[in-house]
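With the hints as constraints, model all of the structure from the sequences given.
Using my numbering, read the sequence shown as starting at 53 and increasing by one per residue.
Incorrect hints may have been included.
As the list claims (entries may be wrong) - For lysine to any residue, the following SDA-like pairs were computed, each having C-alpha atoms within a straight-line distance of at most 25 angstroms:
| hint | residue 1 | residue 2 |
| --- | --- | --- |
| 1 | 268 | 143 |
| 2 | 57 | 280 |
| 3 | 448 | 358 |
| 4 | 57 | 337 |
| 5 | 357 | 447 |
| 6 | 203 | 251 |
| 7 | 268 | 257 |
Keep in mind the hints are simulated off the structure, nothing from the lab.
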Amino acid sequence: MCKRKLRTVLTVAGIAIGVGLLLSLLTISVTGSRSATEVIRRLAGADIIVYNSSRVFFGRGIGVPIQRSSQFPGFSGFGTLVDLSVYSAITSIPGVSVVSPIISFRALLNSTTTVVVYGVEPSTYTAVSSIEVVEGSFLSNISTQQAVVGKSLAEELGVSVGSHIELSYGNTTQIFTVVGMFQTGERFQEYAVYIPLQIAQNLIGVVDKVSQILVKCSDPSSVQDVAQAIQSLFPGLTTFTPSTMVQRMQEAVNTVTTFFASIGGVALVAGLFGVMNTMTMAVAERTREIGIMKAIGASNWFILKLFLLESIIIGAMGSIAGLILGIALTYVIAPMLLQTRVVNSIGFAGRFGRSTTTTILQPVITLENIAIAIALGIVVGVIAGIYPAYRAARMKPVEALRYV
Numbered sequence: 053m054c055k056r057k058l059r060t061v062l063t064v065a066g067i068a069i070g071v072g073l074l075l076s077l078l079t080i081s082v083t084g085s086r087s088a089t090e091v092i093r094r095l096a097g098a099d100i101i102v103y104n105s106s107r108v109f110f111g112r113g114i115g116v117p118i119q120r121s122s123q124f125p126g127f128s129g130f131g132t133l134v135d136l137s138v139y140s141a142i143t144s145i146p147g148v149s150v151v152s153p154i155i156s157f158r159a160l161l162n163s164t165t166t167v168v169v170y171g172v173e174p175s176t177y178t179a180v181s182s183i184e185v186v187e188g189s190f191l192s193n194i195s196t197q198q199a200v201v202g203k204s205l206a207e208e209l210g211v212s213v214g215s216h217i218e219l220s221y222g223n224t225t226q227i228f229t230v231v232g233m234f235q236t237g238e239r240f241q242e243y244a245v246y247i248p249l250q251i252a253q254n255l256i257g258v259v260d261k262v263s264q265i266l267v268k269c270s271d272p273s274s275v276q277d278v279a280q281a282i283q284s285l286f287p288g289l290t291t292f293t294p295s296t297m298v299q300r301m302q303e304a305v306n307t308v309t310t311f312f313a314s315i316g317g318v319a320l321v322a323g324l325f326g327v328m329n330t331m332t333m334a335v336a337e338r339t340r341e342i343g344i345m346k347a348i349g350a351s352n353w354f355i356l357k358l359f360l361l362e363s364i365i366i367g368a369m370g371s372i373a374g375l376i377l378g379i380a381l382t383y384v385i386a387p388m389l390l391q392t393r394v395v396n397s398i399g400f401a402g403r404f405g406r407s408t409t410t411t412i413l414q415p416v417i418t419l420e421n422i423a424i425a426i427a428l429g430i431v432v433g434v435i436a437g438i439y440p441a442y443r444a445a446r447m448k449p450v451e452a453l454r455y456v
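And the structure:
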């Protein structure tokens, strides 16, 4: 191994490329999976989101009409409002823990900036949402002109806790006191304002109607059953379960991971043949040396272990070099590939139309993937060294000594 340094280096490089590629690809898959799951959960929060997708229907067994409302200017919900009369019916479904109505629309903030306004019930919304208030507090009174503003929006407009803001919808303008600022980690989500539900309904002239109903289940495993119960009770309502999207995303990521692992596997197989070739050449070059060792009493088992150990060392060296290469590739290539683009149809800073924010995801290198990459490199060395080591062990001393 030491006598043929260039050949050894090239063999180690072959394993390193395979290990490094495999580690980098697995890291990209893990990072994409985790980041997608986090984004989906941050966007949703609730176990089930209920909204209206029909024109007119009557709740089965209840006789509650849910009619399609007119399209309000600036409305940014699903386009159809839900009658609040179904609220109590959903609350009574077994497995439902918390139900929180919410209405959303676009309004003009301080006569300059178009923002999304969410009207919520403070007591129930905090139970179904993971909203993080970083300054001040969340809404505390359903009948007070309070507002919680996104941190990015507040920084852009110079708004702080205790400031007064104006929200205008059509010809109606109301003044609110900022009681807190929230942060989500996604800039586009922070261009929003939370106000009490009833005040929001009065601002846009809507009575007993909401955009969505957020549902939190007492047992996460019962989410699908509760969603089916809601659909069965109200055929005109549509339910969306973020957990289903997470599962589908996970399935897609698993498929991509398998594909990536296959690519890395091909590279490792190429490295395997490189090690086998190196060890076969080493046996051929050291035939006389093997004969001398056997002549002085070396056993077949000793010769086998000697060459097998040499092959394992080459595999281990390739694994370590591949680990360094994989980490380097991950931090150079992964940030360029792992970018989430979120399109906001409302627009920021008062601009209408579609705007896009890009978030570069940071790679997540797990100990599990590191262990897999190192283990595979060593296994490649072991497998590649078996035949050359066996050939060396089975060599007859007399024939070996004749080799020049």
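Here's how the hints hold up against the structure:
1. 268 with 143: Holds, at roughly 10 angstroms.
2. 57 with 280: violated, 67 angstroms
3. 448 with 358: Roughly 16 angstroms separates the two Cα atoms, so the pair holds.
4. 57 with 337: Measuring from Cα to Cα gives roughly 14 angstroms; hence the hint holds.
5. 357 with 447: Between residue 357 and residue 447 the Cα gap is close to 14 angstroms, so the pair holds against 25 angstroms.
6. 203 with 251: holds, 22 angstroms
7. 268 with 257: With Cα atoms ~28 angstroms apart, residue 268 and residue 257 exceed 25 angstroms; violated.
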